[in-house]
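The chain contents come next:
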Amino acid sequence: MTTNQIRVRVAEVETVAAQIRRLKLVPIGMSGLPDFSGGAHTILSIPDGERTLRNPYSLMSSPYDTSSYEVSVLKAAESRGGSAFIHDKIREGLPITISAPVNLFPVDRRARRHILIAGGIGITPFMSIMRQLEHDDVPFELHYGMRSQERGAYWRQLRETYGHRVHIYFEDQGQTIPLKTLLDGQPLGTHVYVCGPSTMIDWVLNGARDAGWPAENVHYERFSAPPPGTSFTVELARSGKTVPVGPHQSMLEALEAAGIDAPYLCRGGACGQCETRIVSCAGAIQHNDHYLSDAEKAAGDKIMICVSRVDGSTVTLDL
Amino acid sequence: MAAAMLSRPVYPGLVPDMHAKHNLIVTEGEGAEAVLDLATKTSAEFFARTTILYCTAGSAAKDHETALAKLNPKHLWVLPSLPTVMFRLKGVLATADMGTRLYAAGTEPFIGSVIQEALAAGIDFKSVVTEHRGSAKRRVQCVHCKGMTENVTTNPVACSHCGINLFVRDHYSRRLGAFQGVIIDAEEPGSAPPPEEIYR
Ligand SMILES: Cc1cc2nc3c(=O)[nH]c(=O)nc-3n(C[C@H](O)[C@H](O)[C@H](O)COP(=O)(O)OP(=O)(O)OC[C@H]3O[C@@H](n4cnc5c(N)ncnc54)[C@H](O)[C@@H]3O)c2cc1C
Ligand code: FES
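Residue numbers (my numbering), protein chains in the order written: chain A, 1 to 319; chain B, 1 to 200.
One chain only, chain B, in its complex shape:
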């Protein structure tokens, strides 16, 4: 799947599409602040046709659900974890139609998971409106054992499955929603430089 391997994605920011008949906003933690900023660029009618799925488990969650409720969305679902949000998202997308626009705001792995669900539902990733908020942590797939390591903030990082030291590349797979990690000390095991915290 060469086409799925792409370099660093860009997240241009939430901009309202006023033509859509329904909006579906999926957000976590500090991503809620991007939704509150979006509210300053649009009208109450926009939120009257909007469903918000909010994951409280995201980075640095404050009491954003109260602020989101004040936007008077058509529906607001507050969910405790990434899997519960993705399960609900799958259900909503199963009955959504072409007049629906999908928005995602949060950390990169969170947006990656939303895009994966979008692709599975037949949505072109280019029509998903995204904004990166919160930590710069990454989801990394070890190219050797294929295991996923979550919440990666350092480079290099030890694979949480097979333990080898991985160099985190800017190479991103949309299909997997993850960056690629490649062994860094193959020649001389143990020679890896100390992990540097760069994806805060």
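Only chain A is shown next, with the shape it has when bound in the complex:
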């Protein structure tokens, strides 16, 4: 939804590692930005010619300083435009629009102890989470894996700030996170969090299950954008409108481009906010979300329009 939008100015741009840029955003026309908790993200609206790309980025600055926000963006190898624009076109001083923060990756405040596992750019939500845990004086440890010294962001700074609580692993030096040792024998009330490549998230989820951990104590956030597909048409049952969706476009983006406001929060298939009822569908539904259960996906009467699409000609939505 395009309400809750905030105008900010890019106050600093810094390359912090190979292909990773940090942006500092300060409010325009107000003294501070909305409060957030560790793990929250904001959605950056990125102008790209005719269209607007809206990508979620985790807030990595301190939740106790809302005079500015900071995000770090990895230039995606096959960027459709969003992260490439941030790397190639964003300059200090540029005004942009962001959404009020949303947190789909909060820490469990009842936890006695937190184990944080990050891979590559997946470090970003933990940057604000660690500030919060330090502030609340809750025990935590970070295990942060990256390809190499050059490609990893913030690891020196994290070591300095948090000392022995930070464990760094460089893949090119053959170092790996000792997952099994980490998970075995942890006292009750320990929670584990993972953010990184999808394969790493699955590795941790399976590892925790095999170590006998209950699902309630295992948390993750996926950054992955869905794969492209083929063109199709969305028909809106209530308004009677017809909207074309391109191969590199999500249904949500296509609706927005047509001036239709549909609800969203994460734009990553995680929160459930954009769940839409399917009236009829000529084609196969490609569910790319992490929200609906397997049974709901198989039933085929609901779709998350931020990430899922149709391989076929037309889908009619209850909108």
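Since the hints were derived computationally from the structure, they do not count as laboratory data. Please note that a few of the clues may not be correct.
Mimicking SDA-like on lysine to any residue, the simulated pairs with C-alpha atoms at most 25 Å apart in a straight line are [what the hints assert, rightly or not]: (1) A:75 / A:148; (2) B:74 / A:210; (3) B:126 / A:190; (4) A:180 / B:45; (5) A:180 / B:48; (6) B:126 / A:106; (7) B:126 / A:203; (8) B:126 / A:104; (9) A:89 / A:79; (10) A:75 / A:290; (11) B:21 / A:52; (12) B:126 / A:273; (13) A:180 / B:22; (14) A:297 / A:244; (15) B:126 / A:263; (16) B:126 / A:112; (17) A:89 / A:112; (18) B:41 / B:127; (19) A:24 / A:149; (20) A:180 / A:112.
Keeping the supplied structure of chain A fixed, place chain B with the ligands upon it in accordance with the hints.
Only chain B with the ligands this time, still in chain A's reference frame:
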């Protein structure tokens, strides 16, 4: 603590979690029958890594401890009363780790007490596997004097502390392990309807 006030809890039944490294089953009286039923859904290896705490004082206790012993659990502790079970449970949880899964079977107040210990040990209540067996009696907290009345089978019920007539609501506090009782005849004392035995 608004989040602790929840309506009627559900107890989906004991299902084995085969991934857990250790199991801790806490049961009373007829709850033992739920454990015997669980045994038909799982293997001997499951019980080889299971500790059972059994309270004989539960409702309609038969000689269930013999049947439980035949499951060959790693440990079986037979204890005489709710306080002795909870004391032992606290001790076991103090050294348990994240690979441990907790199961509770018995009456609602019994499960409520187990969940209270679980919460105190840092376990999320959603990961406790529960099954309601035996009487439907409730533990009720009087919202006026805060006293707990045990073994409530009627509605309304007289508070065992301050004596006022309480209407037993379906409002449940996980933190207290009790239902909420609210005065029923405030307008006109003595006008309460006769107690009906509904939580048998
Ligand atoms: C909660 C969350 C937090 C994130 N935090 C960070 C972070 O801190 N740092 C970071 O670098 N990245 C983060 N990401 C990833 C980030 O949002 C982008 O996905 C990433 O930058 C990819 O960039 P891109 O250049 O490929 O994006 P784009 O080229 O702009 O494309 C990605 C977006 O386009 C849409 N899209 C693209 N192709 C299709 C298609 N075929 N069908 C349907 N929709 C499509 C999706 O909406 C997708 O989100 C986060 C993601 C999520 C969900
Ligand atoms: S906006 Fe969150 S699932 Fe689509």
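Consistency of the hints with the structure:
1. A:75 / A:148: 16 Å, holds
2. B:74 / A:210: 21 Å, holds
3. B:126 / A:190: It holds: about 15 Å lies between the C-alpha atoms, which stays within 25 Å.
4. A:180 / B:45: 22 Å, holds
5. A:180 / B:48: Holds. Residue 180 (chain A) to residue 48 (chain B) sits at ~22 Å (cutoff 25 Å).
6. B:126 / A:106: Distance of about 18 Å is within 25 Å: holds.
7. B:126 / A:203: 23 Å, holds
8. B:126 / A:104: 19 Å, holds
9. A:89 / A:79: 14 Å, holds
10. A:75 / A:290: 23 Å, holds
11. B:21 / A:52: Answer violated: residue 21 (chain B) to residue 52 (chain A) is near 50 Å, above 25 Å.
12. B:126 / A:273: Between residue 126 (chain B) and residue 273 (chain A) the Cα gap is close to 24 Å, so the pair holds against 25 Å.
13. A:180 / B:22: Distance ~16 Å between residue 180 (chain A) and residue 22 (chain B) Cα, so the pair holds.
14. A:297 / A:244: Measuring from Cα to Cα gives roughly 23 Å; hence the hint holds.
15. B:126 / A:263: Violated: residue 126 (chain B) and residue 263 (chain A) sit about 30 Å apart, past 25 Å.
16. B:126 / A:112: 17 Å, holds
17. A:89 / A:112: 44 Å, violated
18. B:41 / B:127: 19 Å, holds
19. A:24 / A:149: Holds, at roughly 23 Å.
20. A:180 / A:112: Holds, because 20 Å separates the two Cα atoms, which is no more than 25 Å.
Going down the numbered hints, you'll see the structure goes against 11, 15 and 17, while the others check out.
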